[in-house]
Structure formats: C-alpha cells, structure tokens
Amino acid sequence: QCGFCTPGFVMAATNFVERSAGAVTEAQAMDGLGGNLCRCGTYMGIRKAVVEAAKEMKGARNG
Numbered sequence: 027q028c029g030f031c032t033p034g035f036v037m038a039a040t041n042f043v044e045r046s047a048g049a050v051t052e053a054q055a056m057d058g059l060g061g062n063l064c065r066c067g068t069y070m071g072i073r074k075a076v077v078e079a080a081k082e083m084k085g086a087r088n089g
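With my numbering, the residue at position 46 of the sequence shown is 72, and numbering never jumps.
You can take every hint at face value.
Restraint ranges, calculated between C-beta atoms of paired labels, are given here:
hint	residue 1	residue 2	range
1	E78	M37	11 to 21 Å
2	A49	G71	17 to 27 Å
3	A47	Q27	28 to 38 Å
4	K84	C28	28 to 38 Å
5	G48	C28	25 to 35 Å
6	P33	M70	10 to 20 Å
7	G71	N41	14 to 24 Å
8	V36	K81	14 to 24 Å
9	E82	M37	10 to 20 Å
10	C66	M37	10 to 20 Å
11	G34	Q54	10 to 20 Å
12	K74	E44	17 to 27 Å
13	L63	T40	11 to 21 Å
14	A53	E82	16 to 26 Å
Taking lysine to any residue and the SDA-like style, the derived pairs with C-alpha atoms no more than 20 Å apart in a straight line are:
hint	residue 1	residue 2
15	K81	G71
16	K74	E52
17	K74	N62
18	K74	Q27
Calculated directly from the structure, the hints in this document are not laboratory data.
We treat Cβ as the ideally placed atom computed from N, Cα and C, and that holds for glycine.
Could you build the full structure based on these sequences and the hints that come with them?
Now the structure itself:
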C-alpha cells in the first residue's frame, strides 16, 4: 500500500529467514518481524510471504 514500513520489514524478514532452520509458523514469523509496524494493513500479507520464503529457502538448502 503506502510502502513506508517496507524497508524495516525487508531487513527483519531477511534476517529472520536466514536464521530459521526451515519451515516456520505464522506465529514464529510474527515474532521474527517484531518491532515493525504497518499502518496500512499489509502486515498479514507480509507475514504470509515470510512463511513462504522460509519454506522456499528450506528447499533450496536441502537441494
């Protein structure tokens, strides 16, 4: 939507996904994105994208 929160979410999500051992739950993703606020309502989509990215990274790591 507005994009104001995007840089913070990108940094937090990248760090979280790189540190995760593989697939994560939405609750774990929410914890990993903690401290970032989204006023325009895209938070749910971002959280789902982080869960999906963690799954993709797990597949890439396992070949």
